[in-house]
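Asker: Following the hints, complete the assembly by docking chain X onto the known chain W.
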Amino acid sequence: AQSVTQLDSQVPVFEEAPVELRCNYSSSVSVYLFWYVQYPNQGLQLLLKYLSGSTLVKGINGFEAEFNKSQTSFHLRKPSVHISDTAEYFCAVSDRGNTGFQKLVFGTGTRLLVSP
Amino acid sequence: ETGVTQTPRHLVMGMTNKKSLKCEQHLGHNAMYWYKQSAKKPLELMFVYSLEERVENNSVPSRFSPECPNSSHLFLHLHTLQPEDSALYLCASSQVLRSSYNEQFFGPGTRLTVL
Chain W
1 AQSVTQLDSQ VPVFEEAPVE LRCNYSSSVS VYLFWYVQYP NQGLQLLLKY LSGSTLVKGI
61 NGFEAEFNKS QTSFHLRKPS VHISDTAEYF CAVSDRGNTG FQKLVFGTGT RLLVSP
Chain X
1001 ETGVTQTPRH LVMGMTNKKS LKCEQHLGHN AMYWYKQSAK KPLELMFVYS LEERVENNSV
1061 PSRFSPECPN SSHLFLHLHT LQPEDSALYL CASSQVLRSS YNEQFFGPGT RLTVL
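In the order they appear, the protein sequences are chains W and X.
Under the working numbering, the first residue of the first sequence carries the number 1, and numbering increases by one thereafter.
Under the working numbering, the first residue of the second sequence carries the number 1001, and numbering increases by one thereafter.
Fair warning: there could be bad hints in the mix.
[Said to hold, decoys possible] FRET-style restraints, in silico, Cβ to Cβ:
1) W:Ser84 - X:Gly1003: 30 to 38 Å
2) W:Ser115 - X:Arg1054: 40 to 48 Å
3) W:Thr5 - X:Asn1070: 35 to 43 Å
4) W:Val29 - X:Glu1044: 20 to 28 Å
5) W:Ala17 - X:His1077: 45 to 53 Å
6) W:Phe101 - X:Pro1069: 28 to 36 Å
7) X:Glu1084 - W:Ser115: 17 to 25 Å
Treat the hints as calculated values from the structure; they're not laboratory data.
Glycine included, each C-beta is placed from N, C-alpha and C at the ideal position.
If we strip away everything but chain W, and leave its shape as in the complex, we get (with noise of 0.2 Å):
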């Protein structure tokens, strides 16, 4: 079964200033990549996903991830934080799982904090 492991529980940041939050999955079978971010009471919305092609790819509000097999990594960037990116950030990897239906197997969470 896949894993997904975000090391880095909170990641505090001043606003303008770059930021990366990292995150490795533990297969390195074919697999599709997610992220997602979630707003204080609020449900997840997807910020970006990586299926096939491009190793680099971009999603909403200015984020990208660099899918990186070899590391079996999907760390994700923005070159410019706001205050209003203040929000949890999950890493999520498909998989099959013995039910042959695909399913999302998370990471713990980033809590991304952005302060003036």
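Answerer: Same frame as chain W, now just chain X:
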């Protein structure tokens, strides 16, 4: 209404109560999911329904009982819960694609507190 809606948004119940959580999707999807989100833990997939048939049941205690009467509605019936069941319960839906991924769309969640 658009997307995925959940009611109620907040629920406080005693351990002997019976309550139900409701989820409705307006996206024309054919699969629906229940997740449990607890602090400092990964999202836990509880149940999956595809074409109104349960396809996943991840060792969830029987005090949680799902129901999917049609492809747009999903319920989670709760009875004799424990305080450790307090969490945010998220519903999601997707269009199942056998040959590819299935992006999930989430509702805002129900914050459940068990006293």
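Asker: For every hint, state whether the structure bears it out.
Answerer: Outcome of the hint check:
For the pair Ser84 of chain W and Gly1003 of chain X, the beta carbons lie near 20 Å from each other, so the given range of 30 to 38 Å is not met. Here the CB-CB span from Ser115 of chain W to Arg1054 of chain X is close to 45 Å, well matched to the stated 40 to 48 Å. In this structure, Thr5 of chain W and Asn1070 of chain X meet the distance hint of 35 to 43 Å, their C-beta atoms being roughly 38 Å apart. The hint said 20 to 28 Å for the Cβ distance between Val29 of chain W and Glu1044 of chain X, and at roughly 23 Å that hint holds.
Between Ala17 of chain W and His1077 of chain X the beta carbon distance is about 47 Å. The supplied range of 45 to 53 Å therefore holds. Here the CB-CB span from Phe101 of chain W to Pro1069 of chain X is close to 20 Å, at odds with the stated 28 to 36 Å. At about 34 Å, the beta-carbon gap between Glu1084 of chain X and Ser115 of chain W misses the expected band of 17 to 25 Å.
Checked against the numbered hints given earlier, the structure breaks hints 1, 6, 7 and satisfies all the rest.
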